[in-house]
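Trainee: Here is what each chain is made of, one letter per residue.
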Amino acid sequence: MTWRSPLALMRDALRGQRARDKELRNLVSNLPYEGLDKAKQPNRHFPSNAIKTTKYTLLLFIPMNLFEQFHRLANIYFVGLAILNFIPVVNAFQPEVALIPICVILSLTAMKDAWEDFRRYQSDRKLNNTPCLIYSRKEKQFMERRWKDVRVGDFVKVVCNEIVPADLLLLHTSDPNSVCHIETANLDGETNLKQRTVVSGFLNSAFEPESFTGVVVCEKPNNNLNHFKCYVEKPDKERAGAGIESLLLRGCTVRNTDHAVGFVVYAGHETKSMLNNNGSRYKRSKLERKLNIDVIFCVILLFAMCLVGALGHFLWLQALPGIPPYLVPDSSGHLDGPSLSSFYTFFTMIILLQILIPISLYVSVELVKIGQIFFITNDTDLFDEETDSRMQCKALNITEDLGQIEYIFSDKTGTLTENKMVFRRCSIMGTEYPHKENDKKLLQQISRAESSSGSRKTDPYLDFFLALAICNTVVVSMATAQRRRVSVLLWMGSGDGGHSQERKDGGKICPIKISSILNRTFSDSSVVEEDHFQPSVKKERNGGSYALQTCSLHAASESNKPVATSDNLRYEAESPDEAALVYAAKAYGFILLARTPDSVTVRLPSGEDLVFKVLDTLAFDSNRKRMSVLVQHPITKEYVLYTKGADYAIMELLVHLDYIYCGKQKNTAADTQHHLDCYAKEGLRTLCVTKKVVSAKVYESWLVDRQRALAAIDNREELIMDTAVQLETNLSLLGATGIEDRLQENVPDTIMALREAGIQVWVLTGDKPETAVNIGYACRLLEEEDLVINMTVGFQITCTSILDCTLEEVRRYGEDPRNVDTRPDISLVIDGRTLTMALSPDLQERFVDLAKRCRSVLCCRVTPLQKSRVVKVIREKLKVMTLAVGDGANDVNMIQAADIGIGISGQEGMQAVMASDFAISRFRHLKKLLLVHGHWCYTRLANMIIYFFYKNVAYVNLLFWYQFFCGFSGTAMIDYWLMIFFNLFFTSAPPVMFGIMDKDVSAELLLGVPELYRTGQGAGAYTFSTFWVSILDAFYQSLVCFFIPYLAYQDSDIDIFTFGTPLNTVSLFTILLHLSIEIKAWTVVHWVIMLGSVALYFVVTLAYSAICVTCNPPSNPYWILQSQMADPMFYLVCLISTVVALLPRYHQNSIAPSPIVQARHLDRLDPSEREQWIKEWRSFRGGGQVKRSRLSTPPSPSLGTPADLFPESPTTAEIIGDDFTLNVISENYQRPVHT
Amino acid sequence: MVKQEQELDNRPDNTAFTQQRLPAWQPMLSAGIVIPGFVLIGLAFIGIGVALFVTSRSIQVLEIDYTGVAQDSPCYRCSDPDTKNCVCTMDFSIDTLFKGPVFFYYGLTNYFQNYRRYGASKDASQLSGDLEYFKNPSSDCSPYQYDNDKPIVPCGSIANSMFNDTFKLYQIVNGARKQVPLDGKGIAWWTDYNVKYRNPSVTPLRNAFNGTVKPVFWSRPAYELDPTDPANNGFINQDFLVWMRRAALPNFRKLYRRITEGDYAEGLPAGNYSLEIAYNYPVLSFDGEKKVVFSNVSWMGGKNEFLGIAYLVIGSLCIVMSIVMLIVYAKFKFPEED
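So the protein sequences, as listed, match chains A and B. Each residue of the first sequence is one higher than the last, beginning at 1 in the UniProt record's numbering. Each residue of the second sequence is one higher than the last, beginning at 1 in the UniProt record's numbering.
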């Protein structure tokens, strides 16, 4: 280290700061500078790869931790009290003793923090010392170093199954196609393989790190895992753009690729995975917000009581005629005046009555929630066998919100449905082919088309299936090397002993060399095998009964017949629709064999393999709602663009004047549209498939734009999208597909139960209204007799008038005498465009008003952003508790906007789960989660909190009443240690147990009678009045507990602490028995803890009274309890005080019939009898069927007549002049049969 | 494929505890249990109440106020704070035999021995006989810690304000005064006398007090508290111990003597008595009253009718409630019976 002037150091630091803050970074290779000192390193300003996630350092732990802890208001309160105690004129106890609570709490928290920090330190150290390979110029090869040695500008080599140490720009891979597969399970939990490609300028070149002379220009680090902008400028100023597809993220695992070499662009804390790592979110539950208000009431109460004390002291001193011997002057013999003395008394009182502020409540609530989460996650009913996953609680402090939900916003695909797509029907050139029954017809068409080789170029049937096979981003694989080896063995049988050896010892770490050999072997052999097996497949096909019956994707993917090569291909798709299409194409003989960045291999039914050159892939985005693949046909050498996408996104782009098909196209389009509508009505997901032949000239001019867009740094996404839109015009329609997405099991049942529980269920989906409505009926969100309002308008003005008139109708409908005793079963279907208008500030109120009156709402064709906006608007306008449930990345916004976000770990990756508060695996789990666990968690916690307030007030008031008899001087008649123990040990476990384990109504009954859930909604069990009732009860009980002993011992020779002992004991019994009245179901645990608390009280107090002779000076506990327990009066006083204190509470609980009490009565019956009861109750209360059947005629003519086809209702639409319908869906409407 | 081979290891334990299916007792008290229960409780309470009330009634109490505020009181002369060494005599008569053993209390009203800073004003270590604290009393005792730079033993406000009236009881038998023997032993807590308070193990005791001074208000040092009984001196003087055990409430009585000996072992016979009071303790500064109380005790301690009445009231209340409930349930049927 050479000496450098401080000025230079500062300049350097400033420059470094500037370099880090710049929007664009210029990075160069470190290799030319290897061995030079740090000041000369070009990338020295960027952080190294060593990470430190610890909060504290060893030396500064105590000050830093204290600083951290004093951010909590509660701790400041404690410290303030402790400090007050050190002021001699106001202290109430021995100052040292007053430090106990704060010390206990601070040290417990500090220990927890230290342990967590140590764990972080250990994991950091482990990560930082993980070996990796860095290129060294001196050694001319990759050397083994540690992760912490990696710096920006280094070249790092990652081998198969290794974890990427930093964000690497991929420059070279062992794969001949220059791709590298990664698994991002560590980052987002998705286990499908993702393909990353080498930066375009470095394809297929033998890569030498030392020869890398370019400058990597990249953006400032950000936390977006799916975007990255960068280009590499070579010395000749040629720029090669790169995006996220060339970035290997730290934390990913390299799979199926021997090795890959990358250039470190971000290291350490600047990597995307570290930037994303911002810990768990903290949500505050509704109950907790209310609780905080009540804590403020407690503070007010405390101040009032202290004021009473101060005032009382003042008056008491005033009334004294002289200076009595018991007034102690200060050391100079001077006595404070009444006003000053009462001022001091105020603070003394704060110290004395401090537990009125239930600080321990917060700790107890945390404990209770941990216990509740334990039970929720351990519920076997919420366990999914298929995926072997439990319910996960990500947010630890909002369990009780589950019991208060009023609105549920649900995604459709993957949430209500399986998101396991099954190819059902297709329409090709205007002809409809069901996939199941008439597949022969379609096959004949295909073979006819194939046989006429002349039409090969243009035959739409071939094109259709080629498009299905090609136009996607499905990765063909293999997955892991392990999986691959298994398939090799399947093929080779026992012929190759060497490989089976490998398989046995093949663990997670694959030896590089062997795996590379294996890969090669496999790729050779697979070709041979496939050729070999093809004939047999063909033979089978000709037989007519071949693998086509496996029309579902599951069947295809799961059937492991070794006879067909194709069955061993695995398609890894990011969207299940794509996989379904590829499997469908495969079923018809168009087998996608391989996909590399620049080629796709497809086997035709004839057995011929075609290798298409992929010129470009125009990826899917939610604006265009389509994707395209531009390929060069290997035979005709034409440039062909295959596009697939949502029907409305495609239909606008079709060729207008078709000179080739001479009007046939138009018919095709109309027929296809008709088929699409039918599909949608059946609840199928539809996609249109088109083709476009691009001339070489057009392609070349487009390519220039495209490359410019790709290399752009600013607005890259928009530019790329523009180029995509530019090419996707004048498409010719090939056909459409209908994919079925089955409803998940028990969805209708769950939705019914949720609705009976008083929860409004909204479905927000990106699908077409027809599909959504259909699913709505299937899952009983909509009922046959419902009045369905369909809102689809184009303009703001019409939207306004429609909203007004609908609202008017709905109001009138509700007021109609025929409907007085019925719930208005109105449902609203609204599409994305209309929704945007309805949510505009001036219409919002009306929309919310309308939505409030609807039983269910279906929003179709909504974007992720709209989903979250709907949730936010409803949540804020109606002030209701909302829950959003979804499974995909498009639901993340919504999940985060709602009070509770629930992620379903399904087919679409883990983004929703990562963003959620709770993660479940099936929609039906929602029923038990809300109705049972939600109800329990809420009632338990609410009752526990109320009890806690009560407990503190009841206990502290004993001290308060005593002040009236001790000149308001702040004397405590209970030993301070016993007071601390009272809160810490004797009465702390029972409420926590109560909060975790109490069960007011059994799970069976809660599930059987969902109406019980309503007790928690809105204000719920924890209201202003319940809080004050319990406070009043506490006042009453403390009065009883104080004055009965007072009157019994009045005028006797009892001393202070002997007087305090029965008070303390009475108070213990009252507080515990009060809880016993609240406990609804006593299990062994309850008995043990309750009796244990009483036993603990006596054991500890007796021991303390026997040991403490002169400890804790002002008090005099020695042998007091012992002497009291030998006195019959003690028991008589305790008995009557407890009984009198609890009589009102007992009576309040035993009268006041509520649904919960009724339910508890039912709970006591034996199961079969209870079943009967539940049935009767439901038919009596719900009465849904009866009521709905009365709704036979529409209440007013303008509400429309039953229409045949759902969206088109000519009458109203014409009246209003827009595509708007308001109609009663009748039986005519065809409902799909979902099984 | 791989997943199925591993036995679903995330499956939660299917135990009664984790599934919240522990057998539970649900205390839904039906009318059939509540009404008889209330009747039983009511009867039991009435029984206890009667016992307490009868016992309390059988306790005889005689209170004699000798504050001397009223001008016709024999102690009026002594209530003037300026009068020193004042003795006054109160005469009283007993109609029937006052059953023994008779407890002789002195009582104070409006005296806040439970005043917080008063209560802290003592040195427990000094009182347990630790000579270290004879020289340096705890600062808790301030301002009764040092007197003219000499440590006060026993220090502190409680000791300083010790009650110092003394009483002599005479029975007037045929005009002559016959002294009633008063038993001053065992009136303090056994634990105070034997464990908590200790004299330093120095003989003679007065040597331990060398270099210390008596509390300001005291007329005699601690080692001369009881001139009649050398064992009853220092910190284990019974009167001192009784005083040091601070009363819980501002109106209190403290045991002064017991009458258990001689002719009076059976109690105080009917007749005239004369109480000679050495009036020293000033009470006018706090509007207090001084009194002596003669009482005999039972298993429930002194006379207190409150508890007996409370039990009777609550017991009857339970009975009334059970009757009301019976009527209500009879009229509106039991909900379970539907």
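No lab work stands behind these hints, which were simulated from the structure alone. Some hints could be false.
Claimed, not checked - Chain A is faced by these chain B residues, among others (derived, beta-carbon under 10 Å):
hint	residue
1	ASP13
2	THR15
3	TRP25
4	VAL50
5	PHE306
Treat the numbers as computed from the prediction; the structure is a model and nothing was measured. Just so it is clear, CB atoms sit at the ideal spot from N, CA and C, and this is done for glycine as well.
Trainee: Please check whether ASP13/B passes as an interface residue: C-beta within 10 Å of a C-beta belonging to chain A.
Mentor: holds, 7 Å
Trainee: Does the interface hint hold: is TRP25/B within less than 10 Å of chain A, judged Cβ to Cβ?
Mentor: holds, 4 Å
Trainee: With 10 Å as the cut and Cβ atoms as the points, is PHE306/B at the interface with chain A?
Mentor: Since chain A brings a Cβ to about 4 Å from PHE306/B, closer than 10 Å, the hint holds.
Trainee: Can we keep the VAL50/B interface hint, with Cβ of chain A closer than 10 Å?
Mentor: VAL50/B check fails; min Cβ-Cβ to chain A is 13 Å, beyond 10 Å.
Trainee: Per the CB criterion, is THR15/B less than 10 Å away from chain A?
Mentor: THR15/B check passes; min Cβ-Cβ to chain A is 9 Å, inside 10 Å.
The structure does not agree with numbered hint 4 stated previously, though it agrees with all others.
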